[in-house]
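Peer 1: Using the sequences and the hints given, assemble the complete structure.
So the sequence lines, in the order shown, correspond to chains R and L. Sequential numbering from 1 applies to the first sequence in our numbering. Sequential numbering from 1001 applies to the second sequence in our numbering.
Hints in this document: simulated from the structure, not taken from any laboratory. If a hint is listed, it holds; no wrong ones were tucked in.
Taking beta-carbon pairs under 10 Å as the criterion, some of the chain L residues facing chain R (in silico):
#, residue
1, L1005
2, H1008
3, T1016
4, D1079
5, E1085
6, G1086
7, Y1087
8, H1090
9, T1091
10, L1092
11, P1093
12, A1185
13, R1253
14, R1254
15, L1256
C-beta atoms are modelled at their ideal positions from N, C-alpha and C, and glycine is treated no differently.
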Amino acid sequence: MTILECKSLTKSYGDVRALDGVDITIEPGRIVGLLGPNGSGKTTLIKLANGLLVPSGGEILINGLAPGVETKKIVSYLPERPCVPDWMTARALLGFYGDFYEDFDRSAAEDMLSRLGIDTGAKIRHLSKGNREKVQLIMVMARRALLYLLDEPIGGVDPAARDYILNTIISNYNPAASAVISTHLISDVERVLDDVIFLREGKAVLAAPVDELREQQGKSVDQIFREVFRC
Amino acid sequence: MLGKLIKHELRATAATMLPILGVMLLMSVLTNVGARVMDGRQLPAALEVVFVLVIILFFVGLVAIGFVTVYMMVRRFRDNLLRDEGYIMHTLPVSVHAQIWSKVLVSALWYAVTGVTVVLSVLLVAFDVETVKILGDFFGELFRAIVREDYLGEILLEVLLLMILASVVLSLSLDAALSVGHSFAKRKMLLSELTFVGLLILGSVFTFTLDGMVPSLPDARFISDWRLICAEQAGILIAEGAFCYCVTAFFLRRRLNLE
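Peer 2: What follows is the structure in structure tokens.
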């Protein structure tokens, strides 16, 4: 069964159309790059998939269901900005995720935290910005979800942190699951992607497997992106 | 899941509320001590200033603590569901209804705990052997009156239930106002405040309208009138609460606008 499906999906904010009749499908076991410049609708699409927004038209289905309590059990979401409660300790956060998600692998999360040398007794607000982001990523990737929705996971971090984040995604990602990685930093993520979806001004202008795209056009995804979105 | 939400909500709110209420009780004890020490004694000027300040702070605290509790609950709802933490909370596999109930029940609990703290603070300030004796006599007489006059216990119980209901409705109306105000892109707090004023006006209009519709009982005994008043007040509160609940649920589900 398709894990994520958009049918004529539209989202408007007043007169502005953030998404305009998007039709896409994502199959299980694929890592998909949701690529597009700022304001192309990537975050809106991910928010719709998480039930944080309601479509203005069309529909979005996760594992055949409209976003709701049941789909949230199988979707692991990394928001664009750090938003874990900063008054909590990392240990309390482990308890929090463990309480609400049956698929949360606490020992995997503890292992990742200890490898980073993060003191689980320290409050999140006392960690560096980089470590706060990593803690959030660890909580998301320690779930054995069917769909990971990662909104700009490598935006605004240094190259070393980018490598850590991508390695964490790859090494913790369940092969039967799908992951959607939204970004405009194509060259960094290209190596991990199976498929790409290009969004421009709320429309899906291209959706194809990465290998097929490279073979057909003889260029890297980054080069194709630069051509498609040339200013 | 509601139980888990309440557990985490209690943990989060206790981190701020317990120190506030603890300070209030501590100030009561210091006020009591200060009043005793100063009673008819000549103290060093610095010590006298300290005790006078403590006494002033206690009375300011006594007036302010209710507002502080309401503010803390409002801040918790806003920060947890309508700002960045909302990305975590609204993607948990729990319904919006469970989210609202966890906030409302925990807020109502803290309002009750604050009320008890205020009473305790006053008792601590007034505490001495004579006061304890007077209070013992008062509560003994009250208990005997409740046993003697069966309606007195009923009245006290109904007043207590109405107070609990009113605190739940207060939480719901604040949550509704915040949910509406934060659905806009800008000036979220100002619009939340305006919505709260709007809800208060709507509630007043509703109460006046209902007052005109419910017939009085001119020949009834006092207790019958009292029951009617309580039933009417409870009905008004439940209707207002239900309205605010629906508004909150609608805006959290359909008009969520996280920053």
